[in-house]
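Letter by letter, the sequence shown follows residues 1 to 55 of this note's numbering.
Hints were generated in silico from the structure; no laboratory data involved.
Small disclaimer: the values here were computed from a predicted structure and weren't measured.
Incorrect hints may have been included.
Straight-line distance between alpha carbons at most 27 Å, and here's what the computed BS3-like set of lysine-lysine pairs gives [said to hold, decoys possible]:
#1 K52 - K24
#2 K24 - K39
#3 K52 - K39
#4 K41 - K11
#5 K39 - K11
#6 K41 - K52
#7 K11 - K24
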Amino acid sequence: MRGETGERWRKLCEQAAVEQDPRKLMELIREIDRLLEEKEKCLAAREESQAKGAA
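Construct all of the structure, not just a fragment, from the sequences and the given hints.
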């Protein structure tokens, strides 16, 4: 991940690694998951675009 998103992802992971409150931990995990899903969609769209360009 690049830029702000990558930095945000890293900070969330650092916080999750030490979080003791189960509710806060779940919030962090949900946000990490959301960012990863967003990244996955971007990569899939990029691959699809490249595949169309190669055809």
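* Is the hinted pair K41 and K11 satisfied, with a Cα-Cα distance of at most 27 Å? -> Measuring from Cα to Cα gives roughly 21 Å; hence the hint holds.
* Hint consistency between K39 and K11 [alpha-carbon to alpha-carbon, up to 27 Å] -> holds (16 Å)
* Pair hint outcome, K24 versus K39 [Cα-Cα no greater than 27 Å] -> Holds: K24 and K39 sit about 23 Å apart, inside 27 Å.
* To do: Take a quick look at whether K11 and K24 sit within 27 Å of each other, Cα to Cα.
  => Satisfied, since the Cα-Cα distance of roughly 14 Å is no more than 27 Å.
* K52 and K39: Cα distance at most 27 Å? -> holds (20 Å)
* Given the hint that K52 pairs with K24, test it: the Cα-Cα distance must not exceed 27 Å. => It is violated: about 42 Å lies between the C-alpha atoms, which goes past 27 Å.
* Asked: If you draw a straight line from the CA of K41 to the CA of K52, is it 27 Å or shorter?
  -> Given pair K41, K52 holds - Cα atoms ~17 Å apart, limit 27 Å.
Consistency with the previously given hints fails for number 1 only.
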